[in-house]
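S.K.: Sequence:
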Amino acid sequence: MECLHVTEEFLLELKSGNRSFRLPHPVPILRFLYELSWTLVRGELPFQKCKAALDSVEFVDKVSAVGLGSNFADIITQMAQDLTMSGEYRSRLIKLAKWLVESALVPLRFFQERCEEEFLWEAEMIKIKAQDLKGKE
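Residue numbers (the working numbering): 1 to 137.
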């Protein structure tokens, strides 16, 4: 995937801790979040730099915190459905989803409403699989 916004220069600025760095032009939110998510899943940027990345951009369309969380949840949900994703990337995707909830960027209920049960269980967002629950009835 070619990144238009989360470029090598962008990553270097984030990793260096340059708080004054900002992208020069507003970016489309979905494209930016998609690029950022893949960059995090590939391990090219630590999760802790996610908020700095978000602070360094202005979005074309104004978005609330709830809207941002909803868009993030949609992208993570879509990525979780990729059956060709390597185990290493899937593991990081699960960690990213958990981190997004823990850091209050995405409400847990957004993932619970959108993600498949298996992913939710792997990410410890539900306590018991529905199949196991049915077996106990």
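Hints listed in this document are in silico derivations from the structure and should not be mistaken for laboratory results.
Computed from a predicted model, the values in this text were never measured in an experiment.
Careful: at least some of the hints might be erroneous.
DSSO-like mimics (lysine-lysine), calculated; alpha carbons at most 30 Å apart, straight line [to be verified]: (1) LYS62 with LYS15; (2) LYS127 with LYS15; (3) LYS127 with LYS49; (4) LYS98 with LYS51; (5) LYS62 with LYS95; (6) LYS95 with LYS49; (7) LYS98 with LYS62; (8) LYS49 with LYS62; (9) LYS98 with LYS15; (10) LYS51 with LYS95; (11) LYS15 with LYS51; (12) LYS51 with LYS62; (13) LYS49 with LYS98; (14) LYS127 with LYS95; (15) LYS98 with LYS127; (16) LYS127 with LYS62; (17) LYS15 with LYS49.
Ranges of calculated distance between the beta carbons of each label pair, as one might list FRET restraints [unchecked claim]: (18) ARG42 with SER20: 34 to 40 Å; (19) GLU124 with THR7: 21 to 27 Å; (20) SER103 with GLU44: 32 to 38 Å; (21) HIS25 with LYS51: 27 to 33 Å.
Even glycine gets a Cβ: it sits at the ideal position worked out from N, Cα and C.
S.K.: Report the numbers of all earlier hints that the structure fails to satisfy, in ascending order.
M.R.: 2, 16, 18, 19, 20 and 21
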